[in-house]
Every structure is written in structure tokens, then in C-alpha cells.
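Input sequences plus hints: build the corresponding full structure.
Number of protein chains: 2
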Amino acid sequence: MTARNPDAARDIPEATVARLPVYLRALTTLADAGTATCSSEELAAAAGVNSAKLRKDLSYLGSYGTRGVGYDVEYLTYQIAREIGVTQDWPVVIVGIGNLGHALANYSGFRSRGFRVVALLDADPRRHDELVAGIEVRPFDELEHIVVESGVAIGVIATPAVAAQAVADRMVAAGITSILNFAPGVISVPDGVDVRKVDLSIELQILAYHEQRKAAGADAREVVR
Amino acid sequence: MTARNPDAARDIPEATVARLPVYLRALTTLADAGTATCSSEELAAAAGVNSAKLRKDLSYLGSYGTRGVGYDVEYLTYQIAREIGVTQDWPVVIVGIGNLGHALANYSGFRSRGFRVVALLDADPRRHDELVAGIEVRPFDELEHIVVESGVAIGVIATPAVAAQAVADRMVAAGITSILNFAPGVISVPDGVDVRKVDLSIELQILAYHEQRKAAGADAREVVR
Numbered sequence: 001m002t003a004r005n006p007d008a009a010r011d012i013p014e015a016t017v018a019r020l021p022v023y024l025r026a027l028t029t030l031a032d033a034g035t036a037t038c039s040s041e042e043l044a045a046a047a048g049v050n051s052a053k054l055r056k057d058l059s060y061l062g063s064y065g066t067r068g069v070g071y072d073v074e075y076l077t078y079q080i081a082r083e084i085g086v087t088q089d090w091p092v093v094i095v096g097i098g099n100l101g102h103a104l105a106n107y108s109g110f111r112s113r114g115f116r117v118v119a120l121l122d123a124d125p126r127r128h129d130e131l132v133a134g135i136e137v138r139p140f141d142e143l144e145h146i147v148v149e150s151g152v153a154i155g156v157i158a159t160p161a162v163a164a165q166a167v168a169d170r171m172v173a174a175g176i177t178s179i180l181n182f183a184p185g186v187i188s189v190p191d192g193v194d195v196r197k198v199d200l201s202i203e204l205q206i207l208a209y210h211e212q213r214k215a216a217g218a219d220a221r222e223v224v225r
Numbered sequence: 001m002t003a004r005n006p007d008a009a010r011d012i013p014e015a016t017v018a019r020l021p022v023y024l025r026a027l028t029t030l031a032d033a034g035t036a037t038c039s040s041e042e043l044a045a046a047a048g049v050n051s052a053k054l055r056k057d058l059s060y061l062g063s064y065g066t067r068g069v070g071y072d073v074e075y076l077t078y079q080i081a082r083e084i085g086v087t088q089d090w091p092v093v094i095v096g097i098g099n100l101g102h103a104l105a106n107y108s109g110f111r112s113r114g115f116r117v118v119a120l121l122d123a124d125p126r127r128h129d130e131l132v133a134g135i136e137v138r139p140f141d142e143l144e145h146i147v148v149e150s151g152v153a154i155g156v157i158a159t160p161a162v163a164a165q166a167v168a169d170r171m172v173a174a175g176i177t178s179i180l181n182f183a184p185g186v187i188s189v190p191d192g193v194d195v196r197k198v199d200l201s202i203e204l205q206i207l208a209y210h211e212q213r214k215a216a217g218a219d220a221r222e223v224v225r
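Sequence order for the protein chains is B and A.
Count the first sequence with the UniProt record's numbering and you get residues 1 to 225, in order.
Count the second sequence with the UniProt record's numbering and you get residues 1 to 225, in order.
Simulated from the structure, these hints should not be mistaken for laboratory data.
If you're wondering where the values come from, they're calculated on a predicted model, not measured in any experiment.
Among these hints, one or two may not hold up.
Since the list gives no way to pick out one identical chain from another, each pair is judged satisfied if it fits inside one copy or across any two copies.
To be verified - With a cut-off of at most 30 Å between alpha-carbon atoms, the simulated DSS-like pairs for lysine-lysine come out as follows:
no., residue 1, residue 2
1, K197, K56
2, K53, K214
3, K197, K53
Now the structure itself:
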């Protein structure tokens with residue numbers, strides 16, 4: 001039994017969990033700009049949510065700010081980071097070192113949030129021994145060994161779609177319990193394993209929705225003119 | 001005045017807008033599996049939301065399904081796609097053709113949602129004339145010309161952080177009104193321009209939260225044992 005955040009067993013709604021990293025990013029931006037305290041309105045604006053929702057979300061963490069002063073940026077950052085668990089070190093393995101795998105291995109946002117890429121694996125022997133972000137690309141067959149050796153709980157799949165399910169199966173068999181899947185298509189895993197999927201087109205679709213409305217608005221103005 | 005979705009001016013809450021692409025993805029998965037109709041519970045499970053929220057979201061689109069039958073997968077797909085605007089063709093330009101730019105140019109999820117990459121631009125002359133996903137990489141200076149020629153409204157920034165603001169400024173000056181920013185850091189744009197930021201570490205943080213809880217649960221069981 002290791003020492004852990006004693007509050008980690010409380011239930012926080014999934015939608016709130018999904019917003020905590022967004023608040024963390026907004027707080028980092030405020031801190032980088034030299035802001036020491038902020039109102040819920042300022043933080044909500046920086047995070048792109050309304051302030052009532054922000055206050056509700058933070059209340060699950062027992063964070064209410066100080067009346068007339070607001071939130072202490074540094075302390076709230078620590079509270080959220082602890083709640084998410086990114087004050088810990090998370091060893092991560094990336095499988096599939098094509099263009100996307102290269103980009104992920106070089107992505108500074110992982111390291112700054114406690115995610116440490118301990119291995120890059122690829123099934124293609126032509127990629128082996130290449131150094132990416134200072135890490136050697138190794139054969140996929142070393143997965144089981146690396147998971148045990150480095151205590152890896154989180155695996156990232158950046159392979160083509162056709163390989164994703166087989167990679168996920170091997171990850172789960174090796175003891176990985178959380179998978180971030182960048183490959184198109186759905187992978188199935190046993191109960192107790194979490195999968196999150198990154199769909200790079202979702203944000204583009206949200207932009208398209210607003211573009212369509214801007215265009216409709218412009219047309220309406222044209223008709224009135 | 002061109003023919004557009006007459007309903008596009010109705011106000012849909014931003015959180016609902018953000019979920020519409022997720023429903024669209026879930027519907028595509030159901031259709032690929034040969035499902036013709038689905039209950040709100042099935043669709044909600046496939047999309048990872050609760051079914052009351054799904055029904056509320058779809059009610060903004062005037063989609064209520066048929067009692068005892070559920071939703072027609074094909075028709076609901078069309079309704080959502082039309083509402084988002086992805087039944088239209090959206091020409092997109094990608095600036096910064098490093099590893100991430102390569103990965104984005106090759107990403108099949110853009111094309112399947114109506115986003116057509118019309119140009120790949122990079123400031124580095126050594127990248128010019130390279131073919132990526134069948135498209136020639138061209139000098140960044142051609143941006144203005146391409147935006148006008150192809151009617152580009154959406155730009156994607158995949159440059160290093162240090163170049164992102166300058167690229168955004170040029171995009172806005174050229175007439176682009178929506179920007180998807182993959183570069184770390186914040187970019188500022190004038191009113192009327194939408195920016196969405198992709199933070200690849202957010203999904204990892206959500207996994208970390210659940211990993212931490214799994215570990216806490218395992219520890220608790222250990223103590224009880």
C-alpha cells in the first residue's frame with residue numbers, strides 16, 4: 001500500500017473529469033502570464049466555460065476560492081493536478097512510430113503533464129534503432145518486457161487502423177489498463193481497461209458548425225440590405 | 001444568397017454542438033456494423049453519454065425518434081451532418097508540414113467528414129515540391145493566393161509554437177475565419193474568428209484520473225483482504 005491521494009475515491013461526474021484538464025491548461029496560461037489570483041469569471045473565460053459550471057466543478061474538489069479575492073492560481077493548479085493524478089509520474093509506451101508516432105514522441109505537452117514516454121515500439125524492423133526525441137525505436141515484441149520493467153499502465157496506439165486491435169490485445173495481455181487510441185476505428189477491450197479515442201476531425205467539425213452559422217448570418221444581412 | 005440549411009440560425013448550446021460530432025462518429029460505427037435503427041440507449045452507449053442527455057441534445061435538431069422503434073441511423077446521420085455543416089465541402093489549408101503536418105495530411109478522418117485539404121504550406125524551402133498524401137508542399141507565401149482561389153475558410157496550424165501567432169495573423173489577414181491550432185500555446189485573433197485548440201494530452205489526463213482511481217481501489221481491496 002503506497003501513499004495516495006485520500007480523496008481519490010470520491011465520485012466526480014465524468015463531464016467534470018473531462019473539464020479538469022481544460023482548467024489546468026487555463027491555469028497554466030494564467031500562471032505563465034504572471035497572474036497569482038483569478039476570479040471564477042476570469043478562469044471560466046480562459047477555459048471557455050461559463051462561471052457557474054466552473055464553480056460547480058471545482059466544488060467537487062472542495063475548492064471554493066476566497067470571497068473578494070478569487071482563486072489562488074498556484075494552489076488551485078496543485079489541487080486539480082493532484083485530483084487528476086498528474087502530480088504522479090506516468091510511464092507511457094507509444095506503439096507505431098510513423099508520422100503521428102514521431103509527432104507524439106516529440107509532443108512537449110505530455111512531459112509537462114507527468115507523462116514520460118519510456119519506449120517507442122514498432123513492428124517494422126526498418127524503424128528500429130532510429131532515435132526519436134532521444135528515444136530508440138525498439139521491436140514491438142519487447143512490449144511485455146517493457147511494461148513490467150517500467151510499470152507502464154498507459155499505452156498509446158498510433159498504428160494504422162488494421163493493426164490497432166492486435167496491438168490493444170497485446171497491451172492488455174501485458175498488463176496495460178488504459179489505452180489512448182489514435183487509430184481510426186473502434187477497438188474492444190475487456191472490462192476494467194479504459195480506452196479513450198482521439199478523433200482529430202471533431203474540433204474541425206465544431207469549427208464547421210460555426211462557419212456555417214457565420215455564412216448564414218452574412219446571407220441574412222445581405223437579404224436585409 | 002445561396003441555398004443553406006434554413007434551421008442553421010437556431011441556437012444550440014455549445015456543449016451540445018461539441019457532442020454532435022461524437023454522435024456522428026457513433027452513428028457511423030453503427031451503420032458500418034449494419035445497424036439500420038437504434039434506441040437512444042444504444043446510441044448513447046456508443047457515444048459514451050447518458051441517454052437522457054442524448055435525447056435532449058437531439059431534440060434541438062427536432063429529432064425525437066419513433067416510439068418503440070428508435071432512431072433511423074441513416075436519417076439521423078444526415079440530420080446531424082447537415083446541422084454541423086459537414087454535408088458541405090470545406091476546403092482546408094494546413095500550414096507546417098513536419099511530422100504532425102504529414103500525419104494530418106494523411107488523416108482519413110478529415111476527408112470522410114467533408115474536409116478537403118486543398119494545400120500544404122511550409123516556410124522551409126527544403127520541404128517544397130515534396131508530395132504528401134498526393135499534395136505538393138508549397139511556400140507559405142502562397143497562402144493569400146490559395147485562400148482566395150479555393151475559398152478557404154478553415155486553416156490548420158501545425159507549426160512549432162514560436163511560429164503559430166505569425167501564421168494565425170497571416171491567415172486572418174488572408175480571410176480565414178476559423179483556425180484549428182495544434183501548436184502549443186495560445187494565439188490571439190480578432191472578434192469574428194474562431195479558434196479551436198487541440199491538446200493531445202487532455203485525453204491522457206482523463207485516463208490518468210481513472211488509473212489513479214483503479215490503483216486506489218486496488219489498494220483499498222488489499223487493505224481489506
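We went through each hint and held it up to the structure:
In this homomeric assembly, K197 and K56 come within 30 Å of each other (Cα to Cα) both inside a single copy, at 27 Å, and across copies, at 24 Å. In this assembly of identical chains, the alpha carbons of K53 and K214 lie at most 30 Å apart whether taken from the same copy (27 Å) or from different copies (27 Å). In the homo-oligomer, the alpha carbons of K197 and K53 lie at most 30 Å apart both inside one protomer (25 Å) and across protomers (21 Å), since each shortest distance falls under that limit.
The structure fails none of the hints (numbered hints given earlier).
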